[in-house]
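Start from the sequences and build out the full structure, keeping to the hints where you can.
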Amino acid sequence: MTNAAMAGSLAAMPGEAPRPEPAPSPRGLARRAVDDTLASWRTKTGLAWIAIVAFCAVFAPFLANSYPLAVKMNGNWSSPAIKHLTPVDWTLLVVAFCGVITLGLSRLTFFRKLLVLLLILAVELPLAFLFVHPPIVDVFQEYRDLQRQGRLQAVIGCPIPYSPTDRLRDHPDARLTPPSREHLFGVDMNGSDVLSAMIHACRIAMAIGFISTGIAVVIGVVIGGLMGYFVGWVDLFGMRFIEVFEAIPTLILLITFVAFFGHNLYLMMAIIGLTGWTGNARFIRAEYLRLRNQDFVQATIAAGLPLRSILFRHMLPNGVSPVIVSATFGIASAILFESTLSFLGLGLIDEPSWGQMLNQAAGVSGTFTWWMAVFPGLGIFLTVFAYNLIGEALRDALDPRLHGIE
Amino acid sequence: MQQPLLEIKNLGIGFSTERGRIQPVRDVSFSIYPAQTFALVGESGCGKSVTSLSILRLIPEPPGKYLGGEILFGGRDLLKLPEHEMRSVRGKEIAMIFQEPMTSLNPVYTIGDQIAEAVTLHQHVSQDQAYRIAEDALHDVGIADPHRRLREYPHQMSGGMRQRVMIAMALSCQPKLLIADEPTTALDVTIQAQILELLRKLQRERGMSILLITHDLGVVAENADVVAVMYASRIVEVATVEDLFDRPQHPYTEGLFRSVPKLGRDTERLETIPGQVPNPARFPSGCKFHTRCPRTRALAAQSQPQDVVTIHTGEEQAKVMRVCQQDEPDLREVLPKHWAACHFAENFATAAQTVPQLEHRREVVPDMVDVSAGAAPGGSGHAGNFTVS
Chain S
1 MTNAAMAGSL AAMPGEAPRP EPAPSPRGLA RRAVDDTLAS WRTKTGLAWI AIVAFCAVFA
61 PFLANSYPLA VKMNGNWSSP AIKHLTPVDW TLLVVAFCGV ITLGLSRLTF FRKLLVLLLI
121 LAVELPLAFL FVHPPIVDVF QEYRDLQRQG RLQAVIGCPI PYSPTDRLRD HPDARLTPPS
181 REHLFGVDMN GSDVLSAMIH ACRIAMAIGF ISTGIAVVIG VVIGGLMGYF VGWVDLFGMR
241 FIEVFEAIPT LILLITFVAF FGHNLYLMMA IIGLTGWTGN ARFIRAEYLR LRNQDFVQAT
301 IAAGLPLRSI LFRHMLPNGV SPVIVSATFG IASAILFEST LSFLGLGLID EPSWGQMLNQ
361 AAGVSGTFTW WMAVFPGLGI FLTVFAYNLI GEALRDALDP RLHGIE
Chain H
407 MQQPLLEIKN LGIGFSTERG RIQPVRDVSF SIYPAQTFAL VGESGCGKSV TSLSILRLIP
467 EPPGKYLGGE ILFGGRDLLK LPEHEMRSVR GKEIAMIFQE PMTSLNPVYT IGDQIAEAVT
527 LHQHVSQDQA YRIAEDALHD VGIADPHRRL REYPHQMSGG MRQRVMIAMA LSCQPKLLIA
587 DEPTTALDVT IQAQILELLR KLQRERGMSI LLITHDLGVV AENADVVAVM YASRIVEVAT
647 VEDLFDRPQH PYTEGLFRSV PKLGRDTERL ETIPGQVPNP ARFPSGCKFH TRCPRTRALA
707 AQSQPQDVVT IHTGEEQAKV MRVCQQDEPD LREVLPKHWA ACHFAENFAT AAQTVPQLEH
767 RREVVPDMVD VSAGAAPGGS GHAGNFTVS
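Chains as they are written, first to last, in the working numbering: chain S, 1 to 406; chain H, 407 to 795.
Treat the hints as calculated values from the structure; they're not laboratory data.
Cβ atoms here follow ideal geometry from the backbone N, Cα and C, with glycine treated the same way.
One or more of the hints may lead you astray.
Computed beta-carbon distance windows for the label pairs [as the list claims (entries may be wrong)]: (1) S:F111 - H:T423: 39 to 45 Å; (2) H:G613 - S:F312: 35 to 41 Å; (3) H:S450 - S:G104: 54 to 60 Å; (4) H:A687 - S:L289: 19 to 25 Å; (5) S:E246 - H:E424: 26 to 32 Å; (6) H:N685 - S:E243: 32 to 38 Å.
Here it is in structure tokens:
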């Protein structure tokens with residue numbers, strides 16, 4: 001936006017001597033913080049792991065699927081894997097594809113990129129649910145039988161040829177078998193492949209962290225911002241409101257809601273978000289209390305800018321750093337919440353999640369199946385660890401004492 | 407007779423604090439005429455900044471409260487305007503520059519973004535046009551290479567440059583009144599002179615009025631047309647700048663002049679006004695200056711005992727006139743076009759109690775100094791690319 005305006009104003013001054021090439025664009029505070037964060041080894045390690053998880057989340061149906069990627073039948077190629085993609089699969093693929101393209105466009109500001117992506121999501125989601133109708137009943141045996149009968153001329157299978165819901169595939173007594181050549185991470189108590197389930201569970205791990213933290217940040221920033229800016233009665237009531245919410249035990253509330261409304265991922269996200277905003281609100285309030293007396297905020301009021309611009313355009317970027325840091329830790333804790341619930345058997349039933357797999361480690365018969373504990377446990381540990389690494393790197397990058405302010 | 411641009415009548419402002427109610431502004435009245443520079447002078451804490459903030463209604467309510475009076479601007483009482491109309495006055499018709507240029511700009515946005523936002527808001531122009539206006543504004547305040555400067559962040563500029571940017575931002579919407587709250591206090595002396603010269607030049611070009619808040623009598627002498635001296639929340643003297651410097655009527659003003667160093671006079675040390683500015687929570691009775699006033703003490707030494715009282719100020723005792731200790735003097739026109747609030751100013755007893763209104767403007771001395779010449783520290787020699795007419 002700025003660049004375009006600059007170009008416009010340059011073009012609008014004909015007859016002026018050509019200017020010397022402008023100095024390399026200076027970095028703003030936010031830019032510097034991002035650059036410093038990215039330069040840290042902790043961020044690189046953390047981001048690498050999260051990139052792996054995100055990749056698994058997006059491409060799960062192509063990484064672990066009982067349906068082959070491509071088959072040749074009667075001389076024609078077809079793709080059972082694509083035929084069985086759900087609307088959610090399609091949405092993830094399209095948004096991820098557009099996301100990579102939009103992020104590559106350097107002309108837009110980060111905020112605009114985010115807006116474009118949200119717009120794409122808003123258009124894509126209803127379209128996917130309207131037009132994508134995968135077969136309702138999964139018959140995993142279909143292509144296996146065809147292959148066994150020799151009616152497929154060629155088969156290209158997935159790297160892990162098992163769906164997480166494809167149970168008892170090899171033989172009826174395949175429950176809880178330890179890792180082997182066919183099942184690298186072993187088989188769970190339902191007889192499905194653990195590695196496949198773990199890859200599909202990446203989705204829940206990513207989604208619950210981002211969505212619930214997103215809700216918490218938005219609510220926290222708005223309420224905390226109003227409190228810190230208006231002080232007085234608004235602050236007094238806001239603070240009591242925060243205390244009320246802080247008194248709610250999130251886990252107990254989650255268990256209660258699951259008991260009443262059943263196992264619902266979105267409800268879970270909403271509850272974690274709606275109870276987790278208080279810390280963000282406190283941070284933002286404290287920052288706004290500091291900022292509201294600063295000259296540049298007085299100057300924005302004196303310039304007649306509207307309240308929205310003062311609060312969110314001018315004050316927010318100067319006070320958001322503690323919230324960004326706490327949000328990265330919030331993502332980690334949301335993942336832990338979901339795992340805890342699933343471990344207690346209150347999580348999702350039909351979709352695999354790491355906590356739910358962990359729950360199976362201690363079997364009904366009192367046996368301990370180590371592969372059910374180690375692999376999902378490692379997944380949770382590494383993801384939470386990765387977010388914490390990024391959070392700490394961000395905190396250091398935003399800490400002026402470690403930098404020396406110009 | 408011309409209509410005043412801004413007319414403040416009997417303005418009173420209170421603050422409720424933990425130690426009770428204080429009144430930093432009491433019964434303040436003055437008028438500013440178009441193209442006039444009106445200086446408000448006083449020590450820290452005398453209420454001059456609160457007065458200036460109240461014009462834009464920037465006093466936080468609570469704890470602040472407008473206790474009465476009117477602020478008439480273009481026929482409208484600003485104190486009665488709803489907030490959304492007030493917002494279109496701020497920045498567009500009355501702009502303000504602050505004391506501390508290092509902190510008055512938002513560190514996360516470029517200079518261009520910050521000026522252009524106010525411009526797009528008040529002038530309803532496109533982004534491109536707003537940036538062009540911003541560039542012109544930077545050019546007008548003598549910033550070299552404004553096109554490049556637009557894309558710079560505040561931390562890349564010196565204090566003087568930032569104050570120029572603040573002025574450019576304030577003037578980008580062509581306000582009728584500019585409130586400058588100690589615009590040069592935080593700058594070093596050579597830059598101070600440049601900024602003041604710049605303000606004078608812009609005022610001549612655009613005919614706007616300036617309300618100059620300062621405690622620096624040198625700044626007043628060079629810039630002001632009309633001066634009001636504030637002490638302990640009230641205006642104690644109003645006159646044209648020439649009158650005030652020639653014939654100060656209030657002992658506080660006299661004290662201010664005595665505490666300014668003068669060239670060519672062989673003095674061991676500078677005179678000060680004894681004592682401290684009274685705490686607004688514990689103002690003395692009567693005339694707020696009587697605890698520090700040399701005039702009332704001198705008179706008390708020669709007066710009848712029934713006219714004299716003994717007061718305790720801090721560690722010492724002093725004899726002052728009873729009337730000073732008991733009655734607060736109001737502002738009266740003691741000389742033609744010269745107002746003072748002191749029982750023992752010339753003709754005070756017979757003077758009329760009128761509202762100070764002075765349409766005076768000093769004669770403009772053509773000034774040949776090119777402001778932009780010194781305005782390009784680090785501008786790497788591009789200052790020659792344009793000339794200021």
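Here is what the structure says about each hint:
Checking the proposed 39 to 45 Å range against S:F111 and H:T423 shows it holds: the Cβ atoms sit about 41 Å from each other. One distance hint, 35 to 41 Å for the beta-carbon pair H:G613 and S:F312, holds here, with the actual separation near 37 Å. Taking the beta carbon of each, H:S450 and S:G104 are about 56 Å apart, inside 54 to 60 Å as hinted. For the hinted restraint 19 to 25 Å between H:A687 and S:L289, the CB-CB distance of approximately 24 Å keeps it satisfied.
Checking the proposed 26 to 32 Å range against S:E246 and H:E424 shows it holds: the Cβ atoms sit about 28 Å from each other. For the pair H:N685 and S:E243, the supplied restraint of 32 to 38 Å holds, since their beta-carbon distance comes to about 37 Å.
Figure legend: structure checked against the earlier numbered hints; every hint is met.
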